[in-house]
Every structure is written in structure tokens, then in C-alpha cells.
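A.B. asks: Chains D and Y supply the protein sequences, listed in that same order. Residue 1 is where the first sequence starts when you use my numbering, and the numbers rise one by one after that. Residue 1 is where the second sequence starts when you use my numbering, and the numbers rise one by one after that.
Because the hints were derived from the structure by calculation, they are not lab data. Treat each hint with caution, since some may be false.
Derived DSS-like pairs: lysine-lysine, alpha-carbon spacing no greater than 30 Å straight-line [stated by the list, open to error]:
{"id": "1", "chain 1": "D", "residue 1": "Lys92", "chain 2": "D", "residue 2": "Lys192"}
{"id": "2", "chain 1": "D", "residue 1": "Lys192", "chain 2": "Y", "residue 2": "Lys115"}
{"id": "3", "chain 1": "Y", "residue 1": "Lys136", "chain 2": "D", "residue 2": "Lys199"}
{"id": "4", "chain 1": "D", "residue 1": "Lys92", "chain 2": "Y", "residue 2": "Lys265"}
{"id": "5", "chain 1": "D", "residue 1": "Lys98", "chain 2": "Y", "residue 2": "Lys115"}
{"id": "6", "chain 1": "Y", "residue 1": "Lys19", "chain 2": "D", "residue 2": "Lys98"}
Only a predicted model underlies this, so the values are computations on that prediction, with no experimental measurement involved.
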Amino acid sequence: MTVVAGIRPSSVRLPGIAILLVLASAVVMALLVLLPLFIVFHDAFAKGLGPYLAAIREPDALAAIRLTLLVSAISVPLNAVFGVAAAWCIAKFEFRGKNVLLTLIDLPFSISPVVSGLVWVLLFGAQGWFGAWLIEHDVRIIFATTGLVLATILVTFPFVARELIPLMQDQGQDEEAAALTLGAGGFTTFWKITIPNIKWALMYGVLLCNARAMGEFGAVSVVSGHIRGLTTTLPLHVEVLYNDYDFVGAFAAASLLASLGLVTLVLKTALEWRHSGELSASRRH
Amino acid sequence: MASDLSLDIRGITKSYGGKYPALKGVSLQAKDKEFLALLGPSGSGKTTLLRVLAGLEQPDAGEVRFGGEDFLSLPVRRRRVGMVFQHYALFRHMTVAQNIAFGLTVRPRAERPSKSDIADRVADLLSLVQLDDLGKRFPAQLSGGQRQRVALARALAIEPRMLLLDEPFGALDAQVRRGLRRWLRDLHDRAGVTTVFVTHDQEEALDLADRVAIMKDGELVQLGTPNEVYENPADPFVYDFLGAACRVPGTVDGDRLTVADWESKAPKGAPQGLVEVFFRPDEVAFGPQDGAGLGAEIKAVAQRGPDVRIECLIEGQIFELEAHGPTLPNGVAPGLSLRVKPLRPRVYPQKA
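All chains should be modelled from the sequences, with the hints used to inform the complete structure.
C.D. replies: And the structure:
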């Protein structure tokens with residue numbers, strides 16, 4: 001499948017007004033995107049490489065990095081599995097309540113992340129529905145890693161499913177049906193036919209999901225309790241340091257998050273460039 | 001294969017969501033090694049019936065026996081039917097060779113042929129479908145006709161007991177279609193597998209099949225050899241569906257058929273009273289105005305290759321009749337009045 005990626009600039013002569021608009025958006029982009037990105041790195045290295053490295057090697061910072069990696073290492077694979085399962089049943093089967101399920105999948109996109117965090121506090125916090133029982137059995141969910149994982153899963157749930165549903169709907173079920181008639185079982189069909197057909201879209205979804213999982217602030221902030229070295233993820237660590245007027249530390253941590261964003265962007269572009277035909281996102285544009 | 005692999009379908013009923021009936025008690029039989037066409041307009045239930053045979057749909061009621069075995073209780077993967085899907089459903093991430101080998105590579109270890117045996121079998125099938133050099137290509141790199149042949153080779157790889165083809169030529173252009181048709185028929189004759197294929201193209205069904213099952217609204221209307229159904233359509237629907245039809249009202253009294261001022265001998269077994277008379281636009285004789293036949297006035301004449309199309313006004317309706325050049329009377333031109341005599345009229349009771 002060939003997808004026209006865009007109009008080659010050399011082949012189109014822009015009229016004056018278009019040039020003006022392009023310039024205007026370039027200026028806005030520079031002010032709103034490039035300048036802040038520059039400032040992050042500039043301020044992180046304001047006192048030189050030494051203090052920058054020291055800020056990152058500091059135990060609380062390392063703990064925050066570890067926690068961020070741990071939280072996304074748990075929530076991203078889970079969401080990949082949930083996403084494939086949800087997309088599978090929505091795209092390949094007809095059932096009652098399908099539209100309700102579709103709407104529910106989108107819900108985390110439309111509600112504020114703070115609410116997504118608060119839900120868990122209301123459920124598992126000390127004053128929450130299961131709070132008393134949890135305290136009795138000495139299980140900590142809120143102000144602990146479990147809570148951070150739950151909040152992250154909820155916020156990042158739609159990424160994989162949203163990416164897969166249009167693609168799988170588009171592909172239909174003929175290939176799976178063909179595999180069955182050729183003697184393949186359900187499991188073989190899933191691994192040999194379904195997964196290879198969606199692998200690039202799945203990677204794309206996982207990538208976006210991971211970027212969000214590592215960068216999530218609102219929902220995690222509510223359930224974290226900001227216990228330094230224990231429940232602060234990287235974004236929370238930035239906030240804590242910034243509030244302490246430790247600008248080099250705050251921007252050093254922020255520069256890590258910004259780098260993560262840049263890497264994600266590069267990978268995302270590479271995927272879009274090489275496999276645009278197999279990504280539903282590129283069709284929705 | 002020694003056993004008699006005849007197909008016996010009885011009272012198959014299927015509705016979607018309990019509301020939309022797709023099949024209403026269809027019964028039909030196919031003999032061992034028969035090439036059977038399911039012919040009907042879209043929505044007639046022919047594809048649903050095919051999918052029931054493949055095991056991709058479960059009917060609400062009815063029975064399918066194949067070679068004496070209860071076919072419906074077998075899961076899809078154990079039926080060993082080779083199915084060619086309308087849009088081929090080739091595995092897009094696999095090469096042509098991998099596509100063809102798929103049915104063999106997914107067999108349980110104990111029954112799986114060795115790698116070299118599979119490779120040999122794939123090579124044989126590739127040469128059977130005349131795609132010897134294309135094994136390493138991906139489906140996206142093939143033309144429509146090539147994809148269709150890959151789909152067929154893939155289905156044949158599992159040595160199917162029955163071959164099911166869903167609109168096998170539907171997505172191909174007319175030229176490719178005609179060539180593949182003969183080829184498919186030869187292939188069937190050589191492979192000797194009971195084959196059921198679905199089509200909405202009457203010409204294709206009549207040309208290819210041993211017998212044709214004509215379906216309408218989820219029911220079987222007629223089953224017979226191409227000749228039988230073409231010569232003796234069971235009802236106006238079949239007549240209409242199998243080719244261009246002209247229709248005029250008439251009456252039958254005893255063995256006399258009267259249409260307007262034309263009287264002739266009624267066909268055998270014609271119903272009495274008010275009837276509808278059908279005839280094919282190319283099965284007519286043109287005669288002078290004082291001869292026998294339906295009074296007609298020529299409106300337009302157009303040469304189409306070897307044939308001539310003549311637009312006639314007959315009994316207040318415009319019909320487009322066909323004639324071969326030499327059979328036309330001289331001086332045929334717009335404005336001429338003459339007689340058109342249907343050579344083989346079919347008579348059906350008039351609908352209430």
C-alpha cells in the first residue's frame with residue numbers, strides 16, 4: 001500500500017499569503033516549542049556539567065528515575081494486553097453494548113487526569129471505600145507504587161486500543177477465517193496472523209502509551225503523597241525540586257523527560273515513515 | 001479417495017441476530033466430485049450457505065452430511081475444506097510460498113510433513129497454478145488474477161475434501177475472468193474434489209458448473225444442470241435471472257396461447273387463464289406485417305459487432321431485441337412495422 005506522505009515542497013509554488021502563514025506558524029512554533037525546550041537544557045546546564053550530573057546522580061533523583069521506569073514497565077505491558085484484547089473484541093465481533101465499550105475506552109482521554117487519580121484515592125485511600133479493610137490488612141495502595149501504577153494504567157489505557165481498533169476493523173476477519181479453514185487453531189491464528197498484521201500499529205501505540213506513562217503528572221500526583229525517594233516519579237521530582245528553588249536539579253530532571261520526549265518523537269516519525277500503510281493513525285490525519 | 005464424498009444439506013436455517021433470516025430451510029445435494037454453483041442475487045443467502053459449509057457460521061437448524069459424516073459437529077479446522085475467499089484473504093505479511101505452506105506448517109507436529117516435503121509441495125502447487133517464479137513475492141506485489149491463484153493453491157495445499165469458492169472471479173476484469181474460468185474447471189476435473197462456488201454471474205455459473213442451484217431470499221428456487229435451468233426455468237425469477245427477458249401478458253385456453261392478436265400453440269404444461277409470456281430477446285423471428293407474431297414497430301436499429309440490436313414497440317412496451325445480421329429481413333429501419341414471433345415462449349401464471 002502506498003500512502004502519499006505529503007506534497008513535496010519543491011513541487012509546489014507557494015503564493016505570497018501561504019509564505020506569510022508558514023512564516024507565522026514557524027515563529028509561533030519557535031516561541032512555544034523550541035524556546036522552552038532550549039530553556040530546559042540551558043538552565044539544566046546553567047552551572048556546568050558537574051552540577052548537572054550531580055543533580056541526576058543524587059539518590060532521590062535516581063529513585064525517581066527507577067520508580068518512573070518501574071511504573072511504566074508494569075503499566076505499559078498491561079495496557080498493551082488490555083488494548084489488544086479490547087481492540088480484538090471490538091473489531092472482530094458484534095455484540096450488544098459495543099458502543100458503550102468504545103466510549104468507555106475513550107473516557108480517560110476526556111476526563112481530567114486529576115480525577116483519574118482521585119478515583120483511586122476514593123476507593124483505596126484511608127477514608128475510601130476499602131480504606132479501613134486495607135489498613136486492617138496492612139496493604140498500602142495509595143501513597144505507594146501500586147497506586148501510581150493503577151493511576152498510570154487508567155490514564156494511558158486508550159493509547160494502544162485506539163491505535164488498533166480502526167486498523168483491525170479495516171483488516172476484517174477474513175485472514176483469520178482463512179487460517180482456521182487451513183487447520184490452524186485459535187491460538188496459532190492469533191500469533192501467526194493477527195499479531196503480525198498489527199505489530200507496527202501495536203508498537204506505535206505502545207510508544208505513545210509509554211511516553212504518556214513516563215510523563216504523567218496529574219493522576220500520579222494525587223495518589224503519590226510526594227514521599228521523596230519513595231513515591232515521587234520523575235515529573236513529580238521536577239515539581240518538588242522546583243518548589244525548593246533547586247532550579248538546576250529541577251531542570252536536569254526535566255531535561256531527562258524532554259529527551260525521552262525527543263526519542264519518542266524520532267521513533268514515532270520513523271514508524272510513521274516506514275510503516276504508514278499499517279498504522280491507523282496515519283489514516284486518521 | 002475411495003469413499004463417496006457426496007454432500008447432503010438438509011433444512012439449513014440461519015438468521016442474524018434472530019431478526020434477519022439469511023437462509024430459510026435450504027436443502028440440496030451435491031454428488032461426489034461435482035462442481036456445483038450457488039447462483040443468486042446479493043442477499044440471496046448463497047455466501048452464508050458457503051460459510052456454513054466451511055464452518056465459519058453455525059446454522060440455527062438443519063443438517064449437513066458430507067461423505068456420510070455429520071459435518072456441522074466438526075470445528076472449522078477439522079473439516080478440511082479449502083476455501084477461497086472473495087477478496088482472497090491472503091496473509092499479507094507472508095510471502096506467496098509461506099501463504100501456500102501455511103496449512104501444512106500449522107499441523108500438529110506428528111502430522112506435519114518435513115520442511116523439505118513442504119517445500120516440494122509448495123513448488124508443485126506453484127507450478128500447478130503457473131506462478132513458479134513468484135514464491136518469494138508478497139501478496140501486495142501480485143495482480144488480482146495472480147492473488148486468486150495463490151489463494152487457490154493455498155486452499156489445495158491441505159488436500160481438501162471439498163473446495164469452496166466465494167465469488168472466485170468477482171474482483172477480476174472480464175478478460176482475466178474468462179481465461180481463469182476454463183483453467184479452474186480443468187483444475188477441478190484433475191483434482192477431483194467436490195467443489196461449491198458462489199456467484200452472482202449467471203453466465204459464469206452456466207458455463208462452469210455441473211449443476212446450478214439458484215437461490216433467492218434465503219431459499220433454493222431451482223437446482224439442475226445448466227441446460228435444465230436455462231431451458232426450463234422454474235419461475236419468472238429464474239427466467240429473468242438467467243438472461244435478458246421480454247415479458248408480455250397473454251391468455252391460455254386449452255392448448256391455445258393468445259397474446260394480443262397473435263395466436264399460437266401453447267407450450268407443454270402451460271397454466272390456464274391469464275398468463276405472463278416470457279421470451280428471450282434473441283429468440284425471435286422477424287416477419288412481414290401480414291405474417292404471424294406480435295405486432296411491432298421498429299424504433300431504432302444499432303449494429304453491435306456481429307449482432308444487431310433492434311428497439312421495438314410491442315404491446316405498448318419498448319423491447320430491445322437482438323438479431324444476427326443475416327437473419328434480418330431486408331429494409332429494417334426505424335418506423336417499419338413488422339411481426340415479431342417468439343420462437344420459444346415460456347408461460348407462467350400471472351401474479352395476483
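A.B. asks: Which of the stated hints cannot be reconciled with the structure, identified by number in ascending sequence?
C.D. replies: Hints 4, 5 are the ones this structure does not satisfy, whereas the remaining hints hold.
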